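This is what each chain is made of:
Number of protein chains: 2
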Amino acid sequence: MKLLEDRILKEGVVKAGDILKVDMFLNHQMDISLFKAMAEEWKRLYEGVPINKILTIEASGIGIAALAGLVFEVPVVFAKKAQTSNIDGDVYASHVFSYTHNREYLIRVSKQFLHPEDKVLIIDDFLANGKALLGLIDIVHQAGAEVAGCGIAIEKAYQPGGKLVRESGYRVESLAKIESMSEDGIVFG
Amino acid sequence: MKLLEDRILKEGVVKAGDILKVDMFLNHQMDISLFKAMAEEWKRLYEGVPINKILTIEASGIGIAALAGLVFEVPVVFAKKAQTSNIDGDVYASHVFSYTHNREYLIRVSKQFLHPEDKVLIIDDFLANGKALLGLIDIVHQAGAEVAGCGIAIEKAYQPGGKLVRESGYRVESLAKIESMSEDGIVFG
Numbered sequence: 020m021k022l023l024e025d026r027i028l029k030e031g032v033v034k035a036g037d038i039l040k041v042d043m044f045l046n047h048q049m050d051i052s053l054f055k056a057m058a059e060e061w062k063r064l065y066e067g068v069p070i071n072k073i074l075t076i077e078a079s080g081i082g083i084a085a086l087a088g089l090v091f092e093v094p095v096v097f098a099k100k101a102q103t104s105n106i107d108g109d110v111y112a113s114h115v116f117s118y119t120h121n122r123e124y125l126i127r128v129s130k131q132f133l134h135p136e137d138k139v140l141i142i143d144d145f146l147a148n149g150k151a152l153l154g155l156i157d158i159v160h161q162a163g164a165e166v167a168g169c170g171i172a173i174e175k176a177y178q179p180g181g182k183l184v185r186e187s188g189y190r191v192e193s194l195a196k197i198e199s200m201s202e203d204g205i206v207f208g
Numbered sequence: 020m021k022l023l024e025d026r027i028l029k030e031g032v033v034k035a036g037d038i039l040k041v042d043m044f045l046n047h048q049m050d051i052s053l054f055k056a057m058a059e060e061w062k063r064l065y066e067g068v069p070i071n072k073i074l075t076i077e078a079s080g081i082g083i084a085a086l087a088g089l090v091f092e093v094p095v096v097f098a099k100k101a102q103t104s105n106i107d108g109d110v111y112a113s114h115v116f117s118y119t120h121n122r123e124y125l126i127r128v129s130k131q132f133l134h135p136e137d138k139v140l141i142i143d144d145f146l147a148n149g150k151a152l153l154g155l156i157d158i159v160h161q162a163g164a165e166v167a168g169c170g171i172a173i174e175k176a177y178q179p180g181g182k183l184v185r186e187s188g189y190r191v192e193s194l195a196k197i198e199s200m201s202e203d204g205i206v207f208g
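Protein chains in written order, with our numbering: chain A, 20 to 208; chain B, 20 to 208.
Chain A extracted, bound-state conformation:
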């Protein structure tokens, strides 16, 4: 999606440790008109695919998923993150390792909000190692629901997550795919 790629080129900052800072428009300050355009692009890409719920994860996924909920006209559920390993019986939970924070955490969704008849579009801001996305897919399966597809804003395509999730049979639509990046520049695929 050219609009998003152009924005990444203009305002994204590559930092040491494979970090792409997109705080300016994506995950600290949020450009809502950009989010709406992204949601409309996912709607176009998933035309004809039954989707009745969106699932994302706090905190950076919520804003994007909210606009997707508006455009798809479906409710949005966000998984909650906790450092505790306490699992309440009324939740679906999955352990996710975060490379960014170098620790494992637990993601949880109340059983009230996912059901066997749900066709779920999973939305997140980044896809790199795929651990968060696989955790969300795991939660959808625990509920007996179906993963209709995944919508990612920025995929680090040189990392293994995208391949892993696609080879497991899931459709992943990433609006910007980064083939390589360094402080000298960003190359999209």
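Heads up, a few of these hints could be off.
[As the list claims (entries may be wrong)] Straight-line distance between alpha carbons at most 30 Å, and here's what the computed DSBU-like set of lysine-lysine pairs gives:
no. : chain 1 : residue 1 : chain 2 : residue 2
1   : B       : Lys34     : A       : Lys55
2   : A       : Lys99     : B       : Lys130
3   : B       : Lys130    : A       : Lys130
4   : A       : Lys130    : B       : Lys34
5   : B       : Lys130    : B       : Lys196
6   : B       : Lys196    : B       : Lys55
7   : B       : Lys29     : A       : Lys138
8   : A       : Lys138    : B       : Lys55
9   : B       : Lys62     : B       : Lys182
10  : B       : Lys34     : B       : Lys21
11  : B       : Lys29     : A       : Lys130
12  : A       : Lys196    : A       : Lys130
13  : B       : Lys29     : A       : Lys40
14  : A       : Lys130    : B       : Lys62
15  : A       : Lys100    : B       : Lys29
16  : A       : Lys62     : B       : Lys150
17  : B       : Lys21     : A       : Lys29
18  : B       : Lys99     : A       : Lys100
19  : B       : Lys100    : A       : Lys130
20  : B       : Lys196    : B       : Lys29
21  : B       : Lys34     : A       : Lys99
22  : A       : Lys34     : B       : Lys34
23  : B       : Lys182    : A       : Lys55
Everything labelled a hint here was simulated from the structure, so no lab data went into it.
In this text the structure is predicted, and so the values were computed from the model without any measurement.
Using the hints provided, position chain B relative to the given structure of chain A.
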């Protein structure tokens, strides 16, 4: 706002410890069409008031603020919460005590995203003791910006926060004001 009050009566659950669970539509599963109606109500209430930025706090504020950003056509910034007391020099930060979690945390906003010329509408899901809201107001002041007003989904009007913030000279527009609640019922003001 009758739409929100009716929804609270229908799906809200009062629990011991002064807890109102509104997970069904507000802060775990999100009803985006309700959020849009709430945003339109704030837009009506703040008609004629200059607002060029919305500020909220992760995680439950983000979805509501995203829809407000859409309706007001302004960018949305969310303050980040951290348990650490490390303050990066490039952020505005404020200490906030959470009665819900019975601990103090630090809320932070990058200095990049708040400027002296900003007229800020602060959005949050709940107002009770007012600690989070006062922390956000503190951050707006640190930036030399102006608080145009506050938009709250649910105010526990029997708690001191609303009075405290209004008596400090800020406009607070709460869409549902709870005068009292117990397991027997909820009374709006």
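Can you name, in rising order, the numbers of the hints this structure does not satisfy? Result: hints 1, 3, 5, 12, 13, 14, 16, 17, 22 and 23 break, sorted rising.
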